[in-house]
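Participant: Order-wise, the sequence lines are chains G and F.
For what it's worth, my numbering labels the leading residue of the first sequence as 1, then goes sequentially.
For what it's worth, my numbering labels the leading residue of the second sequence as 1, then goes sequentially.
Simulated from the structure, these hints should not be mistaken for laboratory data.
Since we're looking at a predicted model, the values are computed, not measured.
Built from N, CA and C at the ideal position, the CB exists for glycine as well.
Hints are not guaranteed to be accurate.
Reference excerpt, derived from the structure (chain F facing chain G, CB under 10 Å, subset only) [as the list claims (entries may be wrong)]:
{"no.": "1", "residue": "Arg-44"}
{"no.": "2", "residue": "Ala-62"}
{"no.": "3", "residue": "Pro-68"}
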Amino acid sequence: MTTVLLRVISLLVPAHERVDWRREWEAEIAHARHPRRLSGPANPLLAAGGTTPRRLAAPLSQLAVALRCLGALEDAFWLRIHRRNRGMVLQDVRYAVRSFAKNPVFTLVVLVTLALGIGANTAIFTLVDVVLLRPLPVQDPDELVDIWTTCRRGFTHCSSSYPDYLDYRDRNRTLLDVAAFSGVELSLVVGDRNRIVQGSLTSGNYFGLLGVAPFLGRLIVPGDDERGRPEQVAILSYRFWSDHFGGDPGAVGREILLNDTPYTIVGVTPRPFRGTRLNAEPEVWIPFTSYDLIATGQDQGRDRLSIRSSRWIGGLIGRRRPGVTAQQIAVDFDVLSEQMREEFPAERGPRNVTTAPVSGITLPVTAGADVTRFVLLLMSVVGATLLIACANVANLLLARARSRRREIAVRLALGAGHGRLTAQLLTESILLAGLGAMAGLGVAQLAFAALSGFSLPGFVAVDSLGLRLDGRVLGFTVVASILTGLIFGLAPALHARRMSVTGALKDDEAGGGGVLRARSALLTAQTVLAVVLLIGAGLFVRSLRNGLATDTGFTTRSMAMLSVDFGMHRYTSEQSLQFIQEFARRAEILPGVSSVSYSILPPPTASGMGLFAVIDGYTPQPDEEIRIEYDMVGPAYFATMGIRLEEGRDLTAGDRRGAAPVVVINQTMAERWWPGANPVGRTIRVGGPDVPAWEVVGVARDVGRGLDGVPEPFVYFPMLQASSRVLDGNITFVVKTAGNDAQLLSALRTAVHTLDPNLALDELTTMHNRMAEFLMPQRMGSTLLAALGGMALVLATVGIFGVVAYAVNQRRREIGIRLALGAEGSHILSVMVRSAAVPVAIGLVAGLGAAAALTRLASTFMYDVAPQDPATFGAVAVLVVAVALLAAYLPARKATTVNPTEALRSE
Amino acid sequence: MSKPLRMTYATGMVLQALDRGCRHGFDIIDATGLRSGTVYPLLRRFEDAHLVRSKWEPIAVARAENRPPRKYYELTESAEPMLQLARERFPALASVPGHRETVDQTR
Numbered sequence: 001m002t003t004v005l006l007r008v009i010s011l012l013v014p015a016h017e018r019v020d021w022r023r024e025w026e027a028e029i030a031h032a033r034h035p036r037r038l039s040g041p042a043n044p045l046l047a048a049g050g051t052t053p054r055r056l057a058a059p060l061s062q063l064a065v066a067l068r069c070l071g072a073l074e075d076a077f078w079l080r081i082h083r084r085n086r087g088m089v090l091q092d093v094r095y096a097v098r099s100f101a102k103n104p105v106f107t108l109v110v111l112v113t114l115a116l117g118i119g120a121n122t123a124i125f126t127l128v129d130v131v132l133l134r135p136l137p138v139q140d141p142d143e144l145v146d147i148w149t150t151c152r153r154g155f156t157h158c159s160s161s162y163p164d165y166l167d168y169r170d171r172n173r174t175l176l177d178v179a180a181f182s183g184v185e186l187s188l189v190v191g192d193r194n195r196i197v198q199g200s201l202t203s204g205n206y207f208g209l210l211g212v213a214p215f216l217g218r219l220i221v222p223g224d225d226e227r228g229r230p231e232q233v234a235i236l237s238y239r240f241w242s243d244h245f246g247g248d249p250g251a252v253g254r255e256i257l258l259n260d261t262p263y264t265i266v267g268v269t270p271r272p273f274r275g276t277r278l279n280a281e282p283e284v285w286i287p288f289t290s291y292d293l294i295a296t297g298q299d300q301g302r303d304r305l306s307i308r309s310s311r312w313i314g315g316l317i318g319r320r321r322p323g324v325t326a327q328q329i330a331v332d333f334d335v336l337s338e339q340m341r342e343e344f345p346a347e348r349g350p351r352n353v354t355t356a357p358v359s360g361i362t363l364p365v366t367a368g369a370d371v372t373r374f375v376l377l378l379m380s381v382v383g384a385t386l387l388i389a390c391a392n393v394a395n396l397l398l399a400r401a402r403s404r405r406r407e408i409a410v411r412l413a414l415g416a417g418h419g420r421l422t423a424q425l426l427t428e429s430i431l432l433a434g435l436g437a438m439a440g441l442g443v444a445q446l447a448f449a450a451l452s453g454f455s456l457p458g459f460v461a462v463d464s465l466g467l468r469l470d471g472r473v474l475g476f477t478v479v480a481s482i483l484t485g486l487i488f489g490l491a492p493a494l495h496a497r498r499m500s501v502t503g504a505l506k507d508d509e510a511g512g513g514g515v516l517r518a519r520s521a522l523l524t525a526q527t528v529l530a531v532v533l534l535i536g537a538g539l540f541v542r543s544l545r546n547g548l549a550t551d552t553g554f555t556t557r558s559m560a561m562l563s564v565d566f567g568m569h570r571y572t573s574e575q576s577l578q579f580i581q582e583f584a585r586r587a588e589i590l591p592g593v594s595s596v597s598y599s600i601l602p603p604p605t606a607s608g609m610g611l612f613a614v615i616d617g618y619t620p621q622p623d624e625e626i627r628i629e630y631d632m633v634g635p636a637y638f639a640t641m642g643i644r645l646e647e648g649r650d651l652t653a654g655d656r657r658g659a660a661p662v663v664v665i666n667q668t669m670a671e672r673w674w675p676g677a678n679p680v681g682r683t684i685r686v687g688g689p690d691v692p693a694w695e696v697v698g699v700a701r702d703v704g705r706g707l708d709g710v711p712e713p714f715v716y717f718p719m720l721q722a723s724s725r726v727l728d729g730n731i732t733f734v735v736k737t738a739g740n741d742a743q744l745l746s747a748l749r750t751a752v753h754t755l756d757p758n759l760a761l762d763e764l765t766t767m768h769n770r771m772a773e774f775l776m777p778q779r780m781g782s783t784l785l786a787a788l789g790g791m792a793l794v795l796a797t798v799g800i801f802g803v804v805a806y807a808v809n810q811r812r813r814e815i816g817i818r819l820a821l822g823a824e825g826s827h828i829l830s831v832m833v834r835s836a837a838v839p840v841a842i843g844l845v846a847g848l849g850a851a852a853a854l855t856r857l858a859s860t861f862m863y864d865v866a867p868q869d870p871a872t873f874g875a876v877a878v879l880v881v882a883v884a885l886l887a888a889y890l891p892a893r894k895a896t897t898v899n900p901t902e903a904l905r906s907e
Numbered sequence: 001m002s003k004p005l006r007m008t009y010a011t012g013m014v015l016q017a018l019d020r021g022c023r024h025g026f027d028i029i030d031a032t033g034l035r036s037g038t039v040y041p042l043l044r045r046f047e048d049a050h051l052v053r054s055k056w057e058p059i060a061v062a063r064a065e066n067r068p069p070r071k072y073y074e075l076t077e078s079a080e081p082m083l084q085l086a087r088e089r090f091p092a093l094a095s096v097p098g099h100r101e102t103v104d105q106t107r
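Based on the sequences and whatever the hints tell you, model everything.
Facilitator: Following this line, the structure appears as structure tokens:
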């Protein structure tokens with residue numbers, strides 16, 4: 001493999017040095033792969049100067065050798081530029097520029113094609129790099145280990161408790177240290193606005209374990225997280241510091257209020273460090289033990305750090321001891337969790353502990369596989385696009401080389417060497433690739449802007465990944481474009497080598513068949529790729545449409561949502577209640593608003609809150625636990641959300657504390673426990689048989705939560721009757737409107753801030769946007785694939801047009817003779833169309849086959865569409881055939897207008 | 001033909017490695033940690049400026065190790081002033097191509 005690569009690269013080296021150059025590189029690589037190689041100074045006397053003596057070194061890996069071969073490319077370029085007659089290089093460049101200027105359309109098409117291919121690749125490669133490849137910007141990232149506790153239902157990647165963490169840290173034998181971190185939302189006054197920031201509770205050893213050095217001041221150190229410290233410290237992320245503190249070094253030492261608790265800023269993290277989790281980039285880090293101070297709502301005063309069964313810490317990261325394997329760590333933690341289970345039976349010691357090496361950023365646990373699959377899907381799609389672009393450019397260059405036969409023959413006849421010609425053609429293609437790469441970087445910047453509106457599966461906003469061109473990606477583009485240049489530049493160069501000078505001068509067309517075959521093969525390849533991309537696009541578009549058209553059971557249009565967290569602001573439940581009612585009153589009279597209500601967590605988000613209930617009149621099976629999901633909602637909730645009531649009535653302002661307790665249940669619940677009967681008037685109890693009963697006053701339609709959620713029994717409690725604790729947390733207002741959502745959003749924001757200028761809005765969005773987030777992978781997939789598939793189709797059309805036009809031109813004389821002998825124009829037409837029809841037909845069949853095999857890989861992202869959806873496959877086939885016929889027909893028609901006399905005379 | 005050599009840190013590292021007896025391209029890469037795409041063009045520049053000369057290794061040595069003969073590079077006398085300049089400008093060079101544990105041994 002490397003030998004072939006070196007041989008290709010050596011074409012760049014000036015001829016008189018080529019053999020020596022190749023021998024040198026081949027010898028170095030042979031030595032590097034040698035099982036007993038010596039490296040270091042040869043002369044032991046010199047070694048005394050303070051270096052290693054010549055010693056045995058391990059053979060280089062295949063990858064390391066390949067990387068060094070990339071250096072050979074630079075070496076060859078250097079020699080080409082510096083060791084050859086400089087005038088000659090300049091001459092080549094000038095000649096190339098002149099020939100580009102002579103064919104502006106050709107040059108433009110090639111450049112645009114390359115720019116799109118390279119630009120799209122660079123943008124998506126940046127994404128792949130950030131998500132999958134780039135190591136964490138910390139010391140020795142490959143020594144890091146993620147630690148998870150197994151939870152109920154056997155799910156292995158769950159949170160741990162603080163006492164668990166302390167035991168893992170102090171009692172393991174395979175890790176140097178273990179640090180803990182946990183995301184927490186905090187309110188922070190910045191300027192005159194109170195805003196929600198992403199905080200991270202962090203153990204004192206976190207930054208030390210990772211080996212992250214401060215950008216400014218200091219980071220959190222052991223000691224900062226001793227419990228009961230009078231002074232609390234906070235660290236800002238570089239991005240947050242530069243966005244909200246104007247990059248002012250004086251920010252260090254300043255005091256800030258987080259959840260109304262004073263903290264002192266003591267440092268800023270370095271710019272590349274964005275935490276260790278993909279979907280949770282912290283803006284502020286605070287010591288773990290200060291959780292006591294910032295805890296809100298139900299956690300206030302609960303001393304959560306001491307409760308072993310309260311498993312809420314999602315981030316545990318360790319650094320392994322030198323020489324310890326992943327296997328040994330796993331065994332160590334198996335033993336430890338076994339011991340802990342015996343020691344803490346009452347507190348449910350950890351069921352099991354999972355450890356996994358990490359070196360890059362950790363993907364979201366639940367969506368990690370989807371993120372990987374999605375990103376790789378994007379990468380293969382743009383990779384295919386680059387292949388199409390290369391095929392197209394090669395096609396164009398082949399056509400051009402053909403039309404330059406005479407020019408090349410003249411130069412050969414005048415004594416130009418083959419090497420010189422090859423060099424000149426290579427200069428041209430590398431120049432093209434270089435210009436294309438530069439334009440591609442511009443395209444990549446545009447693509448970043450376009451991508452930033454999307455998010456990956458698991459709600460990872462692309463915007464939050466901080467995509468920007470860096471050295472590695474730049475390297476990727478340069479290598480991609482140079483390889484492209486070499487690949488398509490070689491074809492005409494090799495062609496020139498085989499050319500017969502006399503034949504070419506006489507304009508003998510003998511070699512034309514080979515070119516036509518090559519171009520037909522390229523056309524087939526292009527068709528395959530275009531078909532696969534178009535089918536992918538079709539499937540994604542259908543999934544998106546199905547997703548949007550799904551009847552969710554509630555209104556998704558003209559609905560604004562805003563969330564506030566009362567706990568963060570230390571509201572009492574009376575204050576919260578007052579705020580809720582006052583805000584609803586004010587929002588209701590805003591222009592365009594038809595109704596306002598609120599809930600803890602409205603759909604489409606899955607509620608996740610469950611309770612165990614007793615159904616009066618139903619005898620549970622032995623061991624049957626009646627678990628019901630629930631939400632607490634405001635008056636007129638069902639009217640506002642557009643959820644139809646099958647039976648009974650909506651909740652009203654009269655359902656408040658002191659009135660009879662009532663609930664609304666969903667259809668699934670009604671059918672499960674009162675099949676065939678009307679549940680209105682029946683009762684349920686929560687927390688035991690002796691507590692007061694809740695009377696069912698209504699049955700609501702099931703609503704879709706999540707997207708593929710199977711409806712579960714669900715009960716809606718009136719928030720005004722709920723215990724006061726509920727009002728310490730987060731609630732979401734839903735506002736049904738008739739008018740412009742965007743205008744309404746700003747009016748709602750003003751309404752909130754009139755009531756309490758310090759209240760931080762957690763989220764302010766429309767239901768439409770909320771739904772769109774759920775369908776983001778489909779949206780992103782359909783947009784990208786449709787764009788790229790369209791581009792592929794256009795490129796294939798150009799290819800078809802070119803092949804037929806070429807065939808017509810080449811067979812001009814034959815057509816002339818046939819016409820002279822009385823052939824029908826329609827016959828000639830069909831013969832010419834066939835020259836493109838055969839390669840396109842082969843490509844279509846192969847493309848449909850390839851798509852059938854490949855779309856299965858994307859089936860996770862398909863929504864109500866089979867990966868082999870016949871309608872999509874059929875539509876794409878019809879589209880490709882129609883476009884191909886049209887693209888072939890236009891140039892073929894020219895054949896029928898050939899004037900036999902002229903065609904024969906032109907020879 | 002080429003532009004005069006600029007004394008960069010990479011230039012200094014390669015000179016230093018050559019002075020300490022690393023003779024082959026890949027050995028210099030091993031010792032300095034630089035990329036092959038940096039080291040080789042520098043060696044070519046040195047050769048053009050007559051700071052190094054290159055020779056082929058005797059065929060017998062290569063045959064004994066059952067591999068093709070390698071090219072090696074040696075500093076010429078005219079490299080001495082460049083080397084001095086490099087060491088003055090970059091004192092850190094003293095520790096670069098060596099390995100710390102070996103320094104301890106030789107003390």
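Participant: Any of the earlier hints contradicted here, and which numbers?
Facilitator: none
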